[in-house]
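To convert, take the position in the sequence shown, counting from 1, and add 42; that gives the working numbering.
To be clear, the hints were calculated from the coordinates, so they are not data collected in a lab. One or more of the hints may lead you astray.
Below, a list of computed lysine to aspartate or glutamate pairs in the EDC-like style, where the Cα atoms sit at most 20 angstroms apart [what the hints assert, rightly or not]: (1) LYS385 with ASP339; (2) LYS385 with ASP215; (3) LYS341 with GLU465; (4) LYS240 with ASP280; (5) LYS385 with ASP280; (6) LYS385 with GLU337; (7) LYS240 with GLU277; (8) LYS206 with ASP217; (9) LYS385 with GLU349; (10) LYS385 with GLU354; (11) LYS385 with GLU410; (12) LYS240 with ASP295; (13) LYS298 with ASP280.
Just the calculated beta-carbon pair ranges, DEER-fashion [stated by the list, open to error]: (14) GLU349 with ALA285: 39 to 49 angstroms; (15) HIS183 with THR408: 31 to 41 angstroms; (16) VAL584 with ALA296: 26 to 36 angstroms.
On a predicted model such as this, the values are computed, not experimentally measured, just so you know. Virtual Cβ for every residue (Gly too), placed ideally from N, Cα, C.
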Amino acid sequence: MDPIDVELAINKSTTLTPDMQPSPSRPQGILRLTVDVPHSTRPRDVALPPSRWRNPEFLAYYVLVLIALFPAISAVTRLSEREPNLLYSTACAKARDVQPNIPISLNIRDDYLQAGYQVVESYVDMSALLLTDTMQDNSDHQYRTFRNNVPALTALAGAFFVAKAVYTRLSADKDRIRFLVLFIAAMQLGLHGSSAVKVFLILLGNYIVGRSLHTTRALPAATWAFNLAILFANELNDGYRFAALHPSLAPLDALKGAYPRWHVTFNFTMLRLISFNMDWYWAAHRVGLLHTGAELDEKQRPPTFHELAAYESFADYVAYILYPPCYIAGPIMTFNEFLWQMKRPVRIAPRDVASYALRFVISLLTMEVILHYMYVVAIKDARAWAGDTPAQLCMPGFWNLIVVWLKRFFRLWALADGVEPPENMVPCMANNYSPLAFWRAWHRSPNLWATRYVYISVGGSQRRVLATTLVFTFVALWHDLSFASRLGMAQQSLRPAGDIAILLVPASKLRAHAVVLSIAHMHARQYDDHWWYRHLWAAGTVGNILMMMDANMVGFVLGANGIKYLLFATDGEGGWYASPP
Numbered sequence: 043m044d045p046i047d048v049e050l051a052i053n054k055s056t057t058l059t060p061d062m063q064p065s066p067s068r069p070q071g072i073l074r075l076t077v078d079v080p081h082s083t084r085p086r087d088v089a090l091p092p093s094r095w096r097n098p099e100f101l102a103y104y105v106l107v108l109i110a111l112f113p114a115i116s117a118v119t120r121l122s123e124r125e126p127n128l129l130y131s132t133a134c135a136k137a138r139d140v141q142p143n144i145p146i147s148l149n150i151r152d153d154y155l156q157a158g159y160q161v162v163e164s165y166v167d168m169s170a171l172l173l174t175d176t177m178q179d180n181s182d183h184q185y186r187t188f189r190n191n192v193p194a195l196t197a198l199a200g201a202f203f204v205a206k207a208v209y210t211r212l213s214a215d216k217d218r219i220r221f222l223v224l225f226i227a228a229m230q231l232g233l234h235g236s237s238a239v240k241v242f243l244i245l246l247g248n249y250i251v252g253r254s255l256h257t258t259r260a261l262p263a264a265t266w267a268f269n270l271a272i273l274f275a276n277e278l279n280d281g282y283r284f285a286a287l288h289p290s291l292a293p294l295d296a297l298k299g300a301y302p303r304w305h306v307t308f309n310f311t312m313l314r315l316i317s318f319n320m321d322w323y324w325a326a327h328r329v330g331l332l333h334t335g336a337e338l339d340e341k342q343r344p345p346t347f348h349e350l351a352a353y354e355s356f357a358d359y360v361a362y363i364l365y366p367p368c369y370i371a372g373p374i375m376t377f378n379e380f381l382w383q384m385k386r387p388v389r390i391a392p393r394d395v396a397s398y399a400l401r402f403v404i405s406l407l408t409m410e411v412i413l414h415y416m417y418v419v420a421i422k423d424a425r426a427w428a429g430d431t432p433a434q435l436c437m438p439g440f441w442n443l444i445v446v447w448l449k450r451f452f453r454l455w456a457l458a459d460g461v462e463p464p465e466n467m468v469p470c471m472a473n474n475y476s477p478l479a480f481w482r483a484w485h486r487s488p489n490l491w492a493t494r495y496v497y498i499s500v501g502g503s504q505r506r507v508l509a510t511t512l513v514f515t516f517v518a519l520w521h522d523l524s525f526a527s528r529l530g531m532a533q534q535s536l537r538p539a540g541d542i543a544i545l546l547v548p549a550s551k552l553r554a555h556a557v558v559l560s561i562a563h564m565h566a567r568q569y570d571d572h573w574w575y576r577h578l579w580a581a582g583t584v585g586n587i588l589m590m591m592d593a594n595m596v597g598f599v600l601g602a603n604g605i606k607y608l609l610f611a612t613d614g615e616g617g618w619y620a621s622p623p
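Taking the hints into account, I'd like the entire structure generated from these sequences.
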């Protein structure tokens, strides 16, 4: 979190001055495609350092990267090139004399407890997007849902821009909020059918809580209690049924809409509901930045509060909570930031939107190519890791982190609409140089939200252990909508971050790389201009990436029962390519 937001959000109102506005430079070349975050226009007053892309040092790195990529890719493609049925059938694996992978013995979900090779159809989809002669790993639920609905989402975005153009042309009122409310009403009915009434009733309840208590200290607790209760109630009641209220209302349950399971993605809506009430509460108590007319950037908009009358507008509230580009899956914006962009539209250059669209297309195609030749998600979901060598065990953890990064559609829609939400994935996983930087950049918009509304709210750095524990607990519970899973994960989520790291990272790696990372962090300002400093930092980065791979494998693949196996496989005496006993 930027120091401006951290410090000022917990203090009384502070006047915004021009010297508080950072003016970062913009990267060029390949960095503009892979690292740069397209944003509204900002002045450029920082000179770029000399480019190293073509110097001999980087030419040597290109060769090393190509050499390293070969085993990283081949370790997974060799697993994927087998008959896919071998991922699921012990008998076939033994018959063909290849190493066994035994997912059926590892508590696969009931819908995958089918004999042998019938299960593969649930994991690998023959209907490839481009490469029709190969099978594709289509087992990631989020990506499968998105991929299967790309035409529908594109049509929805197209309808949004067509309706916006027609409204702008025919209506004398150019108010964006009014158009958004009209489109939201139509979109909610189309997506959720009669369940749109349930969504609006929840919004109304949260608004009543905020309006009634925004001047009292009871609002934060009441807001959290209301929204957590709604989140659990949604899950327990499977989105509710009208027939449960009265049998005569049963016909309403048949009006399902295109996306009837509205409660599945309601966790994103919940974040915005809390944001609205908390921003209203802080504005009523004059906590944050006091706007003086200066132009605001993306770090200054969230803590800069509006006049209290702005929070009383139910239309502004609905437009923010259900803003079409960000409604289904984010990114998450604060209410303050959204309303500032409605009042003072940001300047987003068409070139930035075009480059982000190109970035999205390249990311989508990269995702397709990876999943056509490396069935990393299927291996993860099927827990087909028993008998793998350490290299084969770690590479699915690496590539699973890579494929998560390739998701950009909804921010592109918002940018094309002239709204600048936070970028969810700033750098690629392999471009993070410290655990803290990785945490801040990984799912960045929910992280910014958690920092502002959880970490800072309970005291921030003044209560670091409590605040950090609550942030990680909330993220873990919020991320998994299964009520049973929440209860099962609660004990693990409450562990301090340091204990989790010790459990997830093999001890030898932790000792070796923690020293490098600590030296790099402690002396960053003193030695960052020395020639050797970049190489020391890079050595620490290797440890950081290995930590993330191990955490991903433990958190999403092996579980607590597989930690011992992981520790032996990655640090055992058998060697990098030897199978554990």
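Run through the hints listed earlier and report the numbers of any the structure violates, in increasing order.
5, 11, 15 and 16
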